[in-house]
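Participant: If you want the building blocks of each chain, they are given just below.
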Amino acid sequence: AQKVTQAQTEISVVEKEDVTLDCVYETRDTTYYLFWYKQPPSGELVFLIRRNSFDEQNEISGRYSWNFQKSTSSFNFTITASQVVDSAVYFCALSENSGNTPLVFGKGTRLSVIA
Amino acid sequence: EPEVTQTPSHQVTQMGQEVILRCVPISNHLYFYWYRQILGQKVEFLVSFYNNEISEKSEIFDDQFSVERPDGSNFTLKIRSTKLEDSAMYFCASSEALRWEQYFGPGTRLTVT
Numbered sequence: 124a125q126k127v128t129q130a131q132t133e134i135s136v137v138e139k140e141d142v143t144l145d146c147v148y149e150t151r152d153t154t155y156y157l158f159w160y161k162q163p164p165s166g167e168l169v170f171l172i173r174r175n176s177f178d179e180q181n182e183i184s185g186r187y188s189w190n191f192q193k194s195t196s197s198f199n200f201t202i203t204a205s206q207v208v209d210s211a212v213y214f215c216a217l218s219e220n221s222g223n224t225p226l227v228f229g230k231g232t233r234l235s236v237i238a
Numbered sequence: 003e004p005e006v007t008q009t010p011s012h013q014v015t016q017m018g019q020e021v022i023l024r025c026v027p028i029s030n031h032l033y034f035y036w037y038r039q040i041l042g043q044k045v046e047f048l049v050s051f052y053n054n055e056i057s058e059k060s061e062i063f064d065d066q067f068s069v070e071r072p073d074g075s076n077f078t079l080k081i082r083s084t085k086l087e088d089s090a091m092y093f094c095a096s097s098e099a100l101r102w103e104q105y106f107g108p109g110t111r112l113t114v115t
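Those protein sequences? They're chains S and B, same order as listed.
Quick note, this note's numbering runs 123 ahead of the 1-based positions in the first sequence.
Quick note, this note's numbering runs 2 ahead of the 1-based positions in the second sequence.
Hints listed in this document are in silico derivations from the structure and should not be mistaken for laboratory results.
Incorrect hints may appear among the rest.
List time: in silico DSBU-like cross-link candidates among lysine-lysine, alpha-carbon distance up to 35 Å [what the hints assert, rightly or not]:
hint, chain 1, residue 1, chain 2, residue 2
1, B, Lys44, S, Lys139
2, B, Lys59, S, Lys193
3, S, Lys126, S, Lys139
4, B, Lys59, B, Lys80
5, B, Lys59, S, Lys139
This is chain S alone, in the form it adopts within the complex:
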């Protein structure tokens, strides 16, 4: 069965600090897809990134970067030089390749960036 664990429930940082949000997943499939979503205080879910299990290259998008390591089943998300607008709940999610499996979300990490 697939499972996503985000062990950090809440993180608080001061603006301009770097912060890493951890995500560990479990799956029996060899092909799977990993996602990160942002949920700001307004409540919507904003897609950030999708990664397939065959692509272990790290990705950088502006201040955001993702570190995918199959050996440790982790897909961590780093925000560099955090800003107050980064304050949100961040969800990691997994979708297996077999069947029509939906997204399975972790419990989320609430990030508070203090000015």
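Dock chain B against chain S, hints included.
Facilitator: Just chain B, lined up with the frame of chain S:
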């Protein structure tokens, strides 16, 4: 930029009443989903829909729930007889293909009193 829309943004209903939550997915997307999020908790899958039929559903999606695509644009979730524990934020999502990124609507907050 195309987006998923949902109406209403907030629905208050009495226990036992029927509610219909509406969604307009992104126009060229083929897969549609409903998820729910009880306040402060994680997002949970309810049902996925493709080619005018349910492709997968979770244990939460029991006989009280149904989905429909009544026309070429709308995608609805009906709860026949609401319970207190149905109070949650309900998100609609759509994707262009299976296992591609799902784009979520802004959600409908359902409050059952």
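Participant: None of the hints should be skipped; say for each whether it holds.
Facilitator: Each hint tested on the structure:
1. B:Lys44 - S:Lys139: holds (28 Å)
2. B:Lys59 - S:Lys193: The given pair, whose Cα atoms are some 29 Å apart, holds under the 35 Å limit.
3. S:Lys126 - S:Lys139: Holds, at about 32 Å.
4. B:Lys59 - B:Lys80: Given that 35 Å is the threshold and the Cα spacing comes to 14 Å, the pair holds.
5. B:Lys59 - S:Lys139: violated (43 Å)
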